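A.B. asks: As given, the protein sequences belong to chains A and B, one line each in that order.
With the first letter of the first sequence counted as 1, position 91 gets the number 91 in our numbering; the numbers rise by one all the way through.
With the first letter of the second sequence counted as 1, position 137 gets the number 1137 in our numbering; the numbers rise by one all the way through.
It should be emphasised that the hints constitute simulated quantities derived from the structure, not laboratory data.
Every value quoted in this text rests on a predicted model; they were computed, and no experiment measured them.
From the three backbone atoms N, C-alpha and C, an ideal C-beta is built for every residue, glycine too.
Don't take each hint at face value.
Stated by the list, open to error - Short, incomplete list of chain A residues facing chain B, as computed with Cβ under 7 Å: (1) 11; (2) 38; (3) 43; (4) 64; (5) 78; (6) 80; (7) 81; (8) 88; (9) 89; (10) 92; (11) 94; (12) 101; (13) 108; (14) 118; (15) 127; (16) 137.
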Amino acid sequence: MNDWAPGIAGGALIGFGAALLLWSVGRIAGISGIASGALEGARGDRAWRIAFLAGMMIAGAAALQFVPLPPPRAQSGPTALLAVAGLLVGFGTRLGSGCTSGHGVCGLARFSKRSLAAVVAFMAFAMAATFVMNHVHLSP
Amino acid sequence: MTRGILACFASGALFGVGLAVSSMTDRHVVLGFLDVFGDWNPRLVFVMAAAVAVTAVAYRLILRGPAPAAGGEFHVPKAGAIDARLVAGAAIFGVGWGLAGYCPGPALVAVAAGLRDAWIFLPAMIAGSWIAGRLAR
Chain A
1 MNDWAPGIAG GALIGFGAAL LLWSVGRIAG ISGIASGALE GARGDRAWRI
51 AFLAGMMIAG AAALQFVPLP PPRAQSGPTA LLAVAGLLVG FGTRLGSGCT
101 SGHGVCGLAR FSKRSLAAVV AFMAFAMAAT FVMNHVHLSP
Chain B
1001 MTRGILACFA SGALFGVGLA VSSMTDRHVV LGFLDVFGDW NPRLVFVMAA
1051 AVAVTAVAYR LILRGPAPAA GGEFHVPKAG AIDARLVAGA AIFGVGWGLA
1101 GYCPGPALVA VAAGLRDAWI FLPAMIAGSW IAGRLAR
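Here chain B stands alone, though its shape is the one from the complex (with noise of 0.2 Å):
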């Protein structure tokens, strides 16, 4: 359990790294891959490449085995409909997420950083999604 937990840690920490390196953090860089009439950075389109592409090799060989190295059972999810609900929520994300240039992960490594337009928005990502849990219970 313990080795878990440590592995969890450095997997974050891979994660947390990937974003720096990556300038996902800034949300200017976002901003700029998502103004595709403007100043066009491609940035974001290399680092979802390379990430899909090593996450796609790594799962197909991970999922081979019979289990997880600290135990327990693989979690993935299960082929379902795409339905209304996935597709509004994936949009009214997207609108966030062109309005501020901040996804869930860069804003909690921007909020570690301490920059102020990210401690403006996590309070309220996390209240917005507080409110939908509460709403489809």
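Isolated chain A, as found in the complex (with noise of 0.2 Å):
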């Protein structure tokens, strides 16, 4: 699983999409934004934004079906776990207009100190949230 050649060429790939995007259309990748766009935003800028989705979530989970790759983990997180955590990625990506494609990829990608910012505090909370789940019983 620690092999860096998946790593490095689904990174590549992922690049020449953001690539791509900004060649065509001249928009960044940002998935949190695309998406709130996509379903709350003005109707004549969510076309493009669909075409995006669909294809990401249609080519990704076809990769996922046909390529052979290790098979994702079994499903079985505690539901309100997985509640409050997508409670507070949508929350949050929408508050800091961001999330690990947006601020991660194209804006450290720019070179942007906004980003930087950005993915230095979401990495250090995920970490420390991460160590607190894994390693801090407060059971007694």
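Take the two lone chains, each set in its own frame, and fit them into one complex as the hints suggest.
C.D. replies: Following this line, the structure appears as structure tokens:
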């Protein structure tokens, strides 16, 4: 699972996807912003967002199905934890104007100081949350 | 316009296949990266490094041009201040990411693949974004 090749290959594909989006329609590949705009944005600004998300979901799911990959682990996460996590991710990415793709990939690629600050903050808080979950035993 | 829409679909497809091939759609791989004091999985470092490197070179070349190929103009965020809203939003996002191991892109692909955990996560994510959008008005 720790071999570097699938990581480099997948990351490069993500980069080519981001490049094609800027080259063709001049947009930044930030998934949280594209998704919230697709659901709540102005009517005339929705088609490109829906096309991008459809391509990502259809091709991504097809790759998981047909490319020989390690299968995703058991789908048995605690329901309440997943729901709370979803709320926080949705709320935080909207408030902070970006997620791992918009601030992480595209922002860092533009050498944006704002995005660098966001990446440092979300990485630190994510590692802290994972640490508490895995290594702090709150029960007596 | 139609060509622009097709390009957006193709762009999303590259992005989605990239997430799948690198196992970012497996939230346990992401949690393995975030768990720096556990059985650390460096996968996300390779994914981010390659994605940022390709994007940085491509953006530089593309932004030398006058306009996007399908017309319109480049929508690149202007440099702004690092404010409380940005940092608080990123911190809240980080906590959610660290709890579940899903960020928005992988969660959407995992939903399309029918993964149960993502089907719980994604509706809550959409609700969270909607609430933040309402509060900002």
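A.B. asks: All hints are to be evaluated individually against the structure, with a verdict given for each.
C.D. replies: Here is how each hint holds up against the structure:
With a cut of 7 Å, the hint placing residue 11(A) at the interface with chain B holds, because the nearest CB-to-CB distance is about 3 Å. Because the beta carbon of residue 38(A) sits about 10 Å from the nearest beta carbon in chain B, more than 7 Å, this interface hint is broken. Because the closest C-beta pair between residue 43(A) and chain B is about 15 Å apart, greater than 7 Å, the hint is violated. For residue 64(A), the shortest C-beta to C-beta distance to chain B is roughly 5 Å, which falls under 7 Å, so the interface hint holds.
This hint is violated: residue 78(A) has a C-beta 9 Å from the nearest C-beta of chain B, more than the 7 Å allowed. Hint on residue 80(A) is violated. Least Cβ distance to chain B is approximately 9 Å, over the 7 Å limit. Look at residue 81(A): its Cβ gets to within about 6 Å of chain B, closer than 7 Å, so that hint holds up. Interface restraint check for residue 88(A): the shortest CB-CB distance to chain B comes to about 3 Å, inside 7 Å, so the restraint holds.
Nearest Cβ of chain B to the Cβ of residue 89(A): about 4 Å, under the 7 Å cut. The hint holds. Restraint check, residue 92(A) versus chain B: the minimum CB separation of about 3 Å is within 7 Å; hint holds. For the restraint placing residue 94(A) at the interface with chain B, the shortest Cβ-Cβ distance is roughly 4 Å, inside the 7 Å limit, so the hint holds. Interface restraint check: residue 101(A) against chain B, minimum CB-CB distance 5 Å, threshold 7 Å, status holds.
Interface hint status for residue 108(A): upheld, as the beta-carbon distance to the closest one in chain B is roughly 5 Å, under 7 Å. Against a cut-off of 7 Å between C-beta atoms, the interface hint on residue 118(A) holds, since the closest Cβ of chain B lies about 4 Å away. Interface hint status for residue 127(A): upheld, as the beta-carbon distance to the closest one in chain B is roughly 5 Å, under 7 Å. Below 7 Å, beta-carbon pairs count as interface contacts, and residue 137(A) has none with chain B, the closest being about 14 Å; its hint is therefore violated.
Of the numbered hints stated above, those contradicted by the structure are hints 2, 3, 5, 6 and 16, listed in ascending order.
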